[in-house]
Amino acid sequence: MKPGPLWVLMGKDLRLHGLPLMLVAAGVLASCALAMRFAPHTGAVTGFVFNVNMLMALLLTEWLIARERAARSFAWLRTLPLDDRALVVAKFLLAAVFCVMLWTVSSGLFAPTLWSPWGTGLVLQCSLLVFGALCLGARWRINWHYAHLAPLAVMAAPVLLFTVFAGDDTARRAALTALWNAPYGRPLAAGGLLLLYLSVVWTTVRWVERADTYEFVD
Amino acid sequence: MSNDIVLELVDIRRRFPGFEMGPLSLKLRPGRIYGLLGPNGAGKTTLLDLVALQLKPTAGALRAGGTPLRWGSRDWKARLTYVREVVPFYDELTVAETLRLASRLYDRWDPALAARLADTLELPPDRRVGRLSKGTKVKLGIASALAHHADLLLLDEPTAGLDPTVRAGVQAVVRDLVVEHPHLCVVLSSHIFEDVEETASDILILRNGRFAFQATAEVLRASKLYRTAAADAVGPSPDLLARWTRKETAWLLVLGDSALDADLRQRSDHVEDNPASLLAAVYHGAGHTRGDNR
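Chains A and B are the protein sequences, given in the same order. Under this note's numbering, read the first sequence as residues 1 to 218, first letter to last. Under this note's numbering, read the second sequence as residues 1001 to 1294, first letter to last.
Just so you know, these hints were derived from the structure itself, not from any lab. Everything numeric in this text was worked out from a predicted model, so none of it was measured. Cβ coordinates follow ideal geometry from the N, Cα and C atoms, glycine included. Some hints could be false.
What the simulated footprint calls covered on chain A by chain B, stretch by stretch (three residues with Cβ under 8 Å from a Cβ of chain B suffice, anywhere in the stretch; the number is not a length) [what the hints assert, rightly or not]:
1) 67-73
2) 78-88
3) 189-202
Using the sequences and the accompanying hints, generate a full structural model.
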């Protein structure tokens, strides 16, 4: 029996980018180990682990989308009897699997405090997924080398709002902290982020289905 | 349902800022090679993109077997292969891996035929696509087309940038294709007359997004070209294939051995012209027509 197009496309990307992905993931883990060895306190390591995972999401976008755009191989794929949904979902799925694996291993090994309570690690995982999805979606749709800046801006907006409207020792901060610490707080945040992730995938699928091929090749 | 038509274009249009393609109507039949000629920017690639469902038409319809094609139709894409001027296979994959990837995505893939074609077309299975010449990449595209029993092969400038020997090789491959696979229809876009003269059974000349001339190669070969200063002496006629005017001189392309041909042969104000290439003459003239072309 032939494998489904989704698996064929993911297998193709693994064949093309599997080795560099493994090497970079190993480099990420090695740099986290170094950070743990030399960082002045645990908080710095935690921040480093999260940031380096964010950087990987950006890098993944370069491999999975930017190279296909530049080499115009999307144009070849689009002439094959493939559903556009498979084309898009394969990219998002591969990126998600890689993000989840890298985050689980790196944070589990070098920032275990994020998983105690477990909900914090999960929310951060979901936010990384959303960031990765925004990077993929933006790079797919925007014919501009610095398309990654768009998801960075999207992610920065809520952080900025939080800083401005819920500063230290304000009633808003206390209310948000109480919400976060409530039994449903972290699952609610993770669920919201997952919904956001799915909506990014869905809008990208819809856009690709309607777009002319030249819109996603350079 | 008409089995003798692979695809029908019905008043297809595509609008871009500053350029409008169409309306174009055309019937593509199996066993034919359509040579699509036109200068840069005439709309050759746009036409192929429309047929391959890479571009959405602004108006009009594409019909296969009498049924309008749905945008993104997988069934239609399974019936065609589109080999672009810059063949966008994955440079990192080998020839064998590229064919394997295609084989997993086409339902009608014939592995034995793919292996035979790779052998016939001298495709090096272990060489990376990035290290292939353009001619070999085109052959790889052709192999992948035939191995899934495509009904329509679209070739966009397959010989551009190739040396004459390789170009002749690609022309020979295209010619032999239709003989060996009579269900296949080929549309070959080019701006090289020889490509079309050597291979095409049907001539299509595009200018400014419209067909400026359409005829079979046999009709063109059998036609006569007359030159005259009396531009309006001949009215519309089914025997008049094309007419164009340049600098007070009119040219008439007339169906050979037709009543009009016999008539013009008698008239002293019409002189038969014998250009080195009738196709080239029509190609250059068709841009200066007065709308009488068929």
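Against the structure, the hints:
1. Using a Cβ-Cβ cut-off of 8 Å, 3 residues of the segment 67-73 of chain A lie near chain B, which meets the minimum of three, so the contact claim holds.
2. Only residues whose C-beta sits within less than 8 Å of a C-beta in chain B count toward coverage, and the segment 78-88 of chain A has 7 of them, enough to reach three; the restraint holds.
3. Coverage of the segment 189-202 of chain A by chain B is violated in this model, with 0 residues showing a Cβ closer than 8 Å to a Cβ of that chain against a need of three.
Going through the hint list in order, the structure does not satisfy hint 3, though it satisfies all others.
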